Amino acid sequence: MKTTMARALSRIRRSAARVWLGVREWCGDTAYERYLKAHAKQRCCAAALSREEFYVEQLQKRYSRVSRCC
Amino acid sequence: MKKALGAAVWIAVAIAGATALAKIAVYRGEALSATWFVIAAACCYLVAYRLYSAFIAAKVLVLDDTRATPAERLDDGRDFVPTNKWVLFGHHFAAIAGPGPLVGPTLAAQFGYLPGTLWLIAGCAFAGCVQDFIILFCSIRRDGKTLGEMARDEVSKRGGFIAQIAVLAIMVILLAVVALVVVNALKSSPWATFTLAMTIPIAMLLGVYLRFLRPGRVIEASAIGVALVIFVVVAGQWVADSPAWAHVFTLSGVALAFAIMIYGFAASALPVWLLLAPRDYLSAFIKAGAIFSLAAGILIVRPDVHMPALTKFVDGTGPVFAGKIFPFCFITIACGAISGFHSLISSGTTPKMIQREGHARFIGYGAMLLESFVGVMAMVAACAMMPGVYFAINSPPAIVGATADAATATISSWGYPVDAATMAGLAHAVGEQTLFNRTGGAPSLAVGMAQIFSSTIGGEKLLSIWYHFAIMFEALFILTVLDAGTRVGRFMIHELGGRVWKPFGRTAWTPGVLISSGLIVGGWGYFLYQGVLDPLGGINSLWPLFGISNQLLAAVALVVATTILMKMGKLRWIWVTLVPMAWLVIITMTASWQKIFDSSPRIGFLSAANAMAAQIAAGKIPAAKLADTQRLIFNQRLDAVVTATFAVMILVLLVEAFVQWTAILSKRREAVLREAPYVETRWAAGAEGD
Numbered sequence: 001m002k003t004t005m006a007r008a009l010s011r012i013r014r015s016a017a018r019v020w021l022g023v024r025e026w027c028g029d030t031a032y033e034r035y036l037k038a039h040a041k042q043r044c045c046a047a048a049l050s051r052e053e054f055y056v057e058q059l060q061k062r063y064s065r066v067s068r069c070c
Numbered sequence: 001m002k003k004a005l006g007a008a009v010w011i012a013v014a015i016a017g018a019t020a021l022a023k024i025a026v027y028r029g030e031a032l033s034a035t036w037f038v039i040a041a042a043c044c045y046l047v048a049y050r051l052y053s054a055f056i057a058a059k060v061l062v063l064d065d066t067r068a069t070p071a072e073r074l075d076d077g078r079d080f081v082p083t084n085k086w087v088l089f090g091h092h093f094a095a096i097a098g099p100g101p102l103v104g105p106t107l108a109a110q111f112g113y114l115p116g117t118l119w120l121i122a123g124c125a126f127a128g129c130v131q132d133f134i135i136l137f138c139s140i141r142r143d144g145k146t147l148g149e150m151a152r153d154e155v156s157k158r159g160g161f162i163a164q165i166a167v168l169a170i171m172v173i174l175l176a177v178v179a180l181v182v183v184n185a186l187k188s189s190p191w192a193t194f195t196l197a198m199t200i201p202i203a204m205l206l207g208v209y210l211r212f213l214r215p216g217r218v219i220e221a222s223a224i225g226v227a228l229v230i231f232v233v234v235a236g237q238w239v240a241d242s243p244a245w246a247h248v249f250t251l252s253g254v255a256l257a258f259a260i261m262i263y264g265f266a267a268s269a270l271p272v273w274l275l276l277a278p279r280d281y282l283s284a285f286i287k288a289g290a291i292f293s294l295a296a297g298i299l300i301v302r303p304d305v306h307m308p309a310l311t312k313f314v315d316g317t318g319p320v321f322a323g324k325i326f327p328f329c330f331i332t333i334a335c336g337a338i339s340g341f342h343s344l345i346s347s348g349t350t351p352k353m354i355q356r357e358g359h360a361r362f363i364g365y366g367a368m369l370l371e372s373f374v375g376v377m378a379m380v381a382a383c384a385m386m387p388g389v390y391f392a393i394n395s396p397p398a399i400v401g402a403t404a405d406a407a408t409a410t411i412s413s414w415g416y417p418v419d420a421a422t423m424a425g426l427a428h429a430v431g432e433q434t435l436f437n438r439t440g441g442a443p444s445l446a447v448g449m450a451q452i453f454s455s456t457i458g459g460e461k462l463l464s465i466w467y468h469f470a471i472m473f474e475a476l477f478i479l480t481v482l483d484a485g486t487r488v489g490r491f492m493i494h495e496l497g498g499r500v501w502k503p504f505g506r507t508a509w510t511p512g513v514l515i516s517s518g519l520i521v522g523g524w525g526y527f528l529y530q531g532v533l534d535p536l537g538g539i540n541s542l543w544p545l546f547g548i549s550n551q552l553l554a555a556v557a558l559v560v561a562t563t564i565l566m567k568m569g570k571l572r573w574i575w576v577t578l579v580p581m582a583w584l585v586i587i588t589m590t591a592s593w594q595k596i597f598d599s600s601p602r603i604g605f606l607s608a609a610n611a612m613a614a615q616i617a618a619g620k621i622p623a624a625k626l627a628d629t630q631r632l633i634f635n636q637r638l639d640a641v642v643t644a645t646f647a648v649m650i651l652v653l654l655v656e657a658f659v660q661w662t663a664i665l666s667k668r669r670e671a672v673l674r675e676a677p678y679v680e681t682r683w684a685a686g687a688e689g690d
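Residue numbers (my numbering), protein chains in the order written: chain Y, 1 to 70; chain H, 1 to 690.
It is worth saying that the hints were derived from the structure and are not from the lab.
Fair warning: this is a prediction, and the values are worked out from it, not measured in the lab.
Some hints could be false.
DSSO-like, lysine-lysine: derived pairs with alpha carbons at most 27 Å apart [said to hold, decoys possible]:
1. H/667 to H/59
2. H/312 to H/324
3. H/667 to H/157
4. H/23 to H/461
5. Y/41 to H/85
6. H/59 to H/3
7. H/157 to H/502
8. H/2 to H/59
9. Y/61 to H/157
10. H/324 to Y/37
11. H/85 to Y/61
12. H/502 to H/59
13. Y/37 to Y/2
14. H/157 to H/570
15. Y/61 to H/502
Okay, chain Y solo, but in the shape it has when bound:
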């Protein structure tokens, strides 16, 4: 009985964590971590942008094209 309960709880915890991650991704909270990962993979010689630089750069790009509809 205890194991079933524990299993169910752990499943709920895992699902909640997945939903929370989804919300963070939707908002852009995880964008910087993603960028660092991609930057490390590319092995490019330029230094990675700081969190603040990356945030401003992303905003400049997003709002220079149609991002919201009627």
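Model the placement of chain H on the given structure of chain Y, informed by the hints.
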């Protein structure tokens, strides 16, 4: 066994949808439960997704999950980012869901609930979703190219230029009309004006927080912002109750129009992190919450729909806007069924973030179905109020009369009884001075939403809070489109100006920023100002103009999609885009013709101008009003020229495409597709990329 069970479930869904549709189509009793609308829409959407989108994915586009998407091949963590399909669905939906599907169906409710509801359901399944899905697919195959670039590459150079100019022109009209909706919602309403004004310092506070204190921590900043916004919605009541403060925030239409123009200029010229982006975050959360709450409210309350299936205004004499059911129902609904603007999102960020080609069906087709569902809910909210109340809120004084008694007498004489005491009681309950002549759709939608919300939580006591929450949600939502659109328009002017004089193309050059911001704000500001001064309320002229331009852009997108399908050798399935394209051309051309040349001054711009000119010639206009009347004449003629320009643009593009199609079909020209070459995905089937 499993297959048979699946088939049985889908047959049951189809039967439920058909039954609900039949019920709303043939029912002629006093009131019909909103549950039928929800069942009809949900079942039709499910069947359309299961069958039609699957057919397009498998037979027409032949989506290939073994083919690496641009997000996989070009992954740089900045522009090209492979994204989970549910997260991307949320991104895409947040981008396409604007005020259009809320306001359009609310205005189209003047024809009755039936025409609008049927077009929302059928239009999205066979046109809107198809456009979004196919343009998304085409852009994925071309490394995320924009609609303008695809028009240039696949149709012709001139086609690409027309698409670019069309987008800029449409942007100007769109921004003017949405600004007019906000002006009409805030006019003489200190509570609503205070609430919306306070969202500006709140957004700036969030901007500083996100830039300097906790860069990029959007969730925590948005949580603070949402709490502050809810506080100012409640605090607005104290402002409205204080005579001194109420006086400060009671603004006329003209004053509000200038305030919004100054705001648009500031949002375009200031750094994006300070005002525009934090407002957008705030708006996205409140938008998601309000839409979810409206859906939940309709399901819990299951309000009765009091509007008849068809009203007498199908004959074109409607007070909300003039024009017969064909083509004006389609032009007015616009975004909830098909929106040309979506093609810009489908060929913008989304194709650069999609993990697999197969996800294009869920994101492109599925998100548009959800948007259409929002439109159906807006229709339910508008039709759930008594028809007399609906017409009293949405009719301009020039049609129904300027006093409460005159307006209620006129509306009651149409067969939709309403009295001045009911309207005064409702205005008092929602915390407004008056609800008469509040054109634009936003106040009536807010009343409908507030009635649904207050039936769930708070009852009559919270009606005023819910009403102002709904007004704040709509206005915040619209201002986000306005500031983001003004900035994009500014960049387009930079690009076009840079072709003539290079320094103007630099987006960080201060004189260029100020001039281009001034030009775009001046463009939409002029149409907004003319709408505010229009004796018919402005919506009568500007909303059809917006609808025509929006549907025209959809026709441009479908021309591009048809050309690409032809080049792909999919001639057998060409009707998938050709039929909706032909339909859009027919409705935009008919509406354009009627708006320019119709003999009724309420419909035709030229006859309205001629009628006013005849009044001046006959000496019927007093000298004090002569200048105003001459300006109105000029505005009507300008609207006629703008409408004609839109019509000519689509005709030129059609000719360009037709030349291309005949050359391909007669084999005079080789069908060259400008797709990125095939690269096999590195990700295993069924696995999500990181």
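Against the structure, the hints:
1. A distance of roughly 24 Å separates the Cα atoms of residue 667 of chain H and residue 59 of chain H; the hinted pair therefore holds under the 27 Å criterion.
2. Distance hint between residue 312 of chain H and residue 324 of chain H is fulfilled; the C-alpha atoms sit about 10 Å from each other, no more than 27 Å.
3. Only pairs whose Cα atoms come within 27 Å are accepted, and residue 667 of chain H paired with residue 157 of chain H is accepted, the gap being roughly 20 Å.
4. In summary, the hint linking residue 23 of chain H to residue 461 of chain H is not supported, as the alpha carbons are separated by about 35 Å, beyond the 27 Å threshold.
5. For a cut-off of 27 Å, the pair hint linking residue 41 of chain Y to residue 85 of chain H stands: about 23 Å separates their Cα positions.
6. At roughly 21 Å between alpha-carbon atoms, residue 59 of chain H and residue 3 of chain H fall within 27 Å of each other, so this suggested pair holds.
7. Between residue 157 of chain H and residue 502 of chain H, the direct Cα distance comes to roughly 21 Å. Compliance with the 27 Å bound is thereby established for this hinted pair.
8. Our distance criterion of 27 Å between C-alpha atoms is met by residue 2 of chain H and residue 59 of chain H, whose separation comes to about 24 Å.
9. Between residue 61 of chain Y and residue 157 of chain H the CA atoms are separated by roughly 26 Å; this keeps the pair inside 27 Å, and the hint holds.
10. Distance restraint check for residue 324 of chain H and residue 37 of chain Y: the Cα-Cα separation of roughly 57 Å exceeds the 27 Å cut-off, and the hinted pair is therefore not satisfied.
11. With a C-alpha separation of about 22 Å, the suggested pairing of residue 85 of chain H with residue 61 of chain Y holds against the 27 Å cut-off.
12. Between residue 502 of chain H and residue 59 of chain H the CA atoms are separated by roughly 47 Å; this puts the pair beyond 27 Å, and the hint is violated.
13. For the proposed pair residue 37 of chain Y and residue 2 of chain Y, the alpha carbon gap of about 40 Å is over 27 Å, so the pair is violated.
14. A C-alpha spacing of about 23 Å is found between residue 157 of chain H and residue 570 of chain H, which places the hinted pair at or below 27 Å, so the restraint holds.
15. Taken as a hint, the residue 61 of chain Y and residue 502 of chain H pair is honoured in the structure, with Cα atoms around 21 Å apart against an allowance of 27 Å.
In this structure, the earlier hints numbered 4, 10, 12, 13 are contradicted, and the remaining ones agree with it.
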